[in-house]
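Engineer: If you want the building blocks of each chain, they are given just below.
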Amino acid sequence: MAKLRYAEALNQALCEEMERDPAVWLLGEDIGVYGGVFKVTRDLMERFGEERVRDTPISEQALTAMTVSAAMTGTRPVLEIMYADFLPLTVDALANQASIYNYIWAGQVELPFVLRTQGGGGAGAGAQHSKSLDAFVAHIPGLKVVAPASPADAKGLLKAAIRDPHPVIFLEHKLLYNMRGEVPDGEHVAEIGRAAVLREGRDVSVFATSRMVHEALKAAEALSAEGIEAEIVDLRTLRPLDLSAIVASVEKTNHAVVVNEGWTFCGYGAELSATIMDHAFDALDAPVERVGTLDMPIPYSEPLEMAVLPDAGRIAQACRRAVA
Amino acid sequence: MRNAPSVDDQLEMFRKMVVVRHMEETLGELHKAGKTRGPIHRCDGQEAVGVGATAMLADTDYITSTHRGHAHYIGKGLDPYRVVAEILGRETGYCEGRAGHMIVADAAKGMIGGNAIVGAGIPAATGMACSIRLTGRDAVAMCLFGDGAAQTGICHESMNIASLWKLPVIFLLEHNQYGLTVHSSRQSSVEDLSVRAEGYGMPGVLIDGNDAVAVYGAVAEAVARAKRGEGPTLIEAKTYRFDGFSTSDMGGYQPDGEIAEWRARDPIPRLRAALEGHIGEERLSAVEAEAHKEVDDAFAQALADPLPGFAGHPASRPYSEVS
Ligand SMILES: Cc1ncc(C[n+]2csc(CCOP(=O)(O)OP(=O)(O)O)c2C)c(N)n1
Numbered sequence: 001m002a003k004l005r006y007a008e009a010l011n012q013a014l015c016e017e018m019e020r021d022p023a024v025w026l027l028g029e030d031i032g033v034y035g036g037v038f039k040v041t042r043d044l045m046e047r048f049g050e051e052r053v054r055d056t057p058i059s060e061q062a063l064t065a066m067t068v069s070a071a072m073t074g075t076r077p078v079l080e081i082m083y084a085d086f087l088p089l090t091v092d093a094l095a096n097q098a099s100i101y102n103y104i105w106a107g108q109v110e111l112p113f114v115l116r117t118q119g120g121g122g123a124g125a126g127a128q129h130s131k132s133l134d135a136f137v138a139h140i141p142g143l144k145v146v147a148p149a150s151p152a153d154a155k156g157l158l159k160a161a162i163r164d165p166h167p168v169i170f171l172e173h174k175l176l177y178n179m180r181g182e183v184p185d186g187e188h189v190a191e192i193g194r195a196a197v198l199r200e201g202r203d204v205s206v207f208a209t210s211r212m213v214h215e216a217l218k219a220a221e222a223l224s225a226e227g228i229e230a231e232i233v234d235l236r237t238l239r240p241l242d243l244s245a246i247v248a249s250v251e252k253t254n255h256a257v258v259v260n261e262g263w264t265f266c267g268y269g270a271e272l273s274a275t276i277m278d279h280a281f282d283a284l285d286a287p288v289e290r291v292g293t294l295d296m297p298i299p300y301s302e303p304l305e306m307a308v309l310p311d312a313g314r315i316a317q318a319c320r321r322a323v324a
Numbered sequence: 001m002r003n004a005p006s007v008d009d010q011l012e013m014f015r016k017m018v019v020v021r022h023m024e025e026t027l028g029e030l031h032k033a034g035k036t037r038g039p040i041h042r043c044d045g046q047e048a049v050g051v052g053a054t055a056m057l058a059d060t061d062y063i064t065s066t067h068r069g070h071a072h073y074i075g076k077g078l079d080p081y082r083v084v085a086e087i088l089g090r091e092t093g094y095c096e097g098r099a100g101h102m103i104v105a106d107a108a109k110g111m112i113g114g115n116a117i118v119g120a121g122i123p124a125a126t127g128m129a130c131s132i133r134l135t136g137r138d139a140v141a142m143c144l145f146g147d148g149a150a151q152t153g154i155c156h157e158s159m160n161i162a163s164l165w166k167l168p169v170i171f172l173l174e175h176n177q178y179g180l181t182v183h184s185s186r187q188s189s190v191e192d193l194s195v196r197a198e199g200y201g202m203p204g205v206l207i208d209g210n211d212a213v214a215v216y217g218a219v220a221e222a223v224a225r226a227k228r229g230e231g232p233t234l235i236e237a238k239t240y241r242f243d244g245f246s247t248s249d250m251g252g253y254q255p256d257g258e259i260a261e262w263r264a265r266d267p268i269p270r271l272r273a274a275l276e277g278h279i280g281e282e283r284l285s286a287v288e289a290e291a292h293k294e295v296d297d298a299f300a301q302a303l304a305d306p307l308p309g310f311a312g313h314p315a316s317r318p319y320s321e322v323s
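Going down the list, the protein sequences come from chains A and B.
Numbering follows the UniProt record's numbering, in which position 147 of the first sequence is assigned residue number 147; successive positions increment by one, without gaps.
Numbering follows the UniProt record's numbering, in which position 249 of the second sequence is assigned residue number 249; successive positions increment by one, without gaps.
With the rest of the complex left out, here is chain B (with noise of 0.2 angstroms):
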């Protein structure tokens, strides 16, 4: 495993973050079309994190997401075409439209799942990193979670056993400034909650979350640090998003010109300027062409296809051997 992303690993992460992108602004239009139902949590302006610390997982490796788990998905090696179908409630979505955007699953990519409930996917991935270690299998566990979702009490508890029982674990921060609209200055009683892992007996590194590469260096260091055996680490990488909380968000509560600050860290022209040397203008062009296509055609064929039918799912019948 080499820490430092190689130009292919770095252009091919540039190319999902693009897709991220497209996807998020195309779900805004939506929304205001009235073409989508319940909130809508976009993650415009995070793309480094979660497409950056999922880029050297294998589908064997498990990750835990949140709410606004777009990046993650599509970063995990999710088909775009099947998480848009499911946003959009379709059969032919991940979940056949039952899950919907918040709690997306596909348990073949490692990916269960997403999570609607604040912290929870916290001692998921702990407990997935248990069956990693009593299976012997060498693969990790990661959960990806927000500033917010720290201050949890069950953040504490999953941290202790996990560092306690030296599971293969990552603990993700994508501290993105604010809770719902609460800053984090006014959730938590330190600054940089990478300062936390210390009370926990493990590692903690605090990153530029908008630099995909920083991103890909210091879990690829995490993972090594897992499989040796050596038990957790606390990666903080601070970031923002540039969209609301969710599509109901009416802003109001940042200060003037922080988006636009954040915006001028863009991490996708920022990777993309460090790729130009290495492969040229016309080549990266071409791929943000081809990721925008892929998006597009995504929706074009997601909208197109059926709405579930209310019918039973044998698996799903818990009850069914009684009558």
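Chain A extracted, bound-state conformation (with noise of 0.2 angstroms):
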């Protein structure tokens, strides 16, 4: 096993997923030549030929349609889009395309793509560079969402969303890259669609995605230090949703705390939160708190945009409100 950054480990699953099967093929803006803006496809171009990895124009509408037909008819591609703040120019292509053939044709086609793109905010690059719209692509039917918090899952869920035969919109996340973890060599193939509990406890379950994993994380050692012990969950996969594990995880706690970094108001903790009250509402003590970006445009000077980002203090004081 070897220490890698969570970038690094996106660049191992790509390099080792082309190795093993040609119909992988790569396309993005400034993926090639370059490697990428986040240097996630360094190299790679050097090592496959520029038919496999393409420097595209800027042109995501047409990218996004052509990455869903070029799936159907016998490859495998990877479109990268360089800032999840894009998402609403691939939706047609999304909402339309890619997620109704595989229904609407009963069965004719397979759609085996990967749209990888970073979102998420405090880097300081403003309300059209710092967004989460996880709720936009896992609102649709028909689509994977994966979001890896850690480098080996970065690694492994990659390597997964590449041999999924169905679409998977794979959000990473741009405070995420230089992340440094142990990556297990070689064939590591993590599984959609599974949580992972990071941190045991009795007293509240605290479930993130993404980021928020590790400001979760943060805030269970406080609240460790109060006397409260904090369940963390971490999804990795917002659709398909492990519902067994969060149920067991309420059931052994009775409290829930829902953490993402996109917007509340209709956002990814909202439907989370119904969920929980869907399928495990018996077990509840309270109601569940949840925890997101403030509903307002991402400010760009920094104490502005930390105020608006959710962080392991409010995720403490959701937990609080939710034992008290």
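All clues stand as given, with none of them false.
Chain A side only, calculated, beta carbon under 7 angstroms to chain B, not exhaustive:
id: 1; residue: TRP25
id: 2; residue: ALA62
id: 3; residue: ALA65
id: 4; residue: ALA70
id: 5; residue: MET72
id: 6; residue: THR73
id: 7; residue: ILE104
id: 8; residue: TRP105
id: 9; residue: ALA106
id: 10; residue: VAL109
id: 11; residue: PRO240
These aren't lab readings, by the way, just hints derived from the structure by calculation.
Every residue gets a Cβ at the ideal spot worked out from N, C-alpha and C, and that includes glycine.
From the two separate chains plus the hints, produce the assembled complex.
Structural biologist: Given below as structure tokens:
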């Protein structure tokens, strides 16, 4: 096992999958010669050639639609959309094309493609480069949505996503690319749709995604000093959801807090919260608490941005309210 | 590959055009009788484009189509009975009644598929051409799209990429003059859309879309060019739809006499007249009668077929691995 950065783990997954399967190819803006603005595709063009690692024009709508049809016709494309903020440009290809064909064509085609993108705030990138639009894509039936929080999951889930016969939206986080962690060498394929309990606790379950998993872990440390033991569950996959893991944890702690970096109104946390109430209402001793980004554009200046984004402090507060 | 269709090729195009015309007319009657659901977009008058452009393609070539795709379906070799069954929402339709008339697909025939989002077939065919290239297949992808679709941003993005990457794709613009009800002159800054090809560095070809032989010739040349690795071609076929935009069309937006003027240029009698000298009236009439019977039988059978039950379909459940 090597200690790798999250970006390097993704690079390793892409490299290994391209080596394993000649049908895998990559396309996206600045991913080739330059190796991607977050360096996830570094050296891959040199290694696999310009046909399989394609620098593209700035044409998100066409590229996403092309990815969908290229997946239906015998290849496994991996598209990089530079920022999640640009997902609105891809929505036709996802909502009206990719997500419907398998069903409405009665199984005549498979759609094995991955759309990789990165989102999230905290880097001072402003209102058009900092959003978490997880709910946008998770809303659409027919898509899988994956959000790794660690380098090991980055590799394992990306390999799984590339091998999946369905479209997978793969959400990375800009503040995680430099995070280091142990990553298993070679064939390390994680299972899409399985959550992971990262810290056991008896008092409150915190269900978190992507970078918020780390904020939740920090919150758990602080709460522990106060005598509150929070169980931290990394959902890893936003859709399909690991319902049995969620229910098992709520049955153990009888309190739930949901944390997602997206906006709260009509957000992913709202879905999680409703799901918990649908499936584990009898186990709850208090209403589900929701933590997310404040419902407003994400500002630029540091104190403003930090005030808007969810963090360990707000997660801890929500846990205290839940168990009070 | 010949650029000019043989007499046999022309007779087959003629037969398919008659099939499509009779399908459209029958659908019009069924709509009036309240036996269809939703809007149906007939292509009467445009058969020479759809049938002529697909006549030289193999099952291994892909096409993407539009909301007005019946001539494309039949041209690409789909079975009229299963097309009609899909339009009537039957279990025996190509997509088991899930797609309806605008989004039909038959993957085995390379027809994936119709598309009710205007313009969306253009990048789709471009992506298929990427697959053809990456897997080293001897095939092409073609998108058939309207003059309305030509105004979408995605059309520009796709043509730029296709030409930049020299992809084996053919852009076949079916210029029937109208978007939904708005004339092309109110939608486009140029009259002939084929001139746009120059801006993408690809050939732009303007043809009479009511002449099936001309359509065949232009497309055959574009196919050969694409297969030689020289990249895409934009072919603009001028044509006209005789009937309304869809079964919901109230009309009133065409100038007086325009429909009659175009009816006089009906592509079916035109091909028939050209063929008469070669094969004689009797054989042509027999082909027509057979085509009509095939369509009538298809409708009779489809109308008697069962509607689908709502049941799970394992291949369509992306989340099935998780309880
Ligand atoms: C993106 C999108 N915008 C609008 C519509 C509604 N609409 C359906 S067909 C059509 C006109 C399309 O014109 P054209 O591409 O020339 O095709 P034609 O109907 O003439 O065959 C419109 C506006 C749609 N289906 N999709």
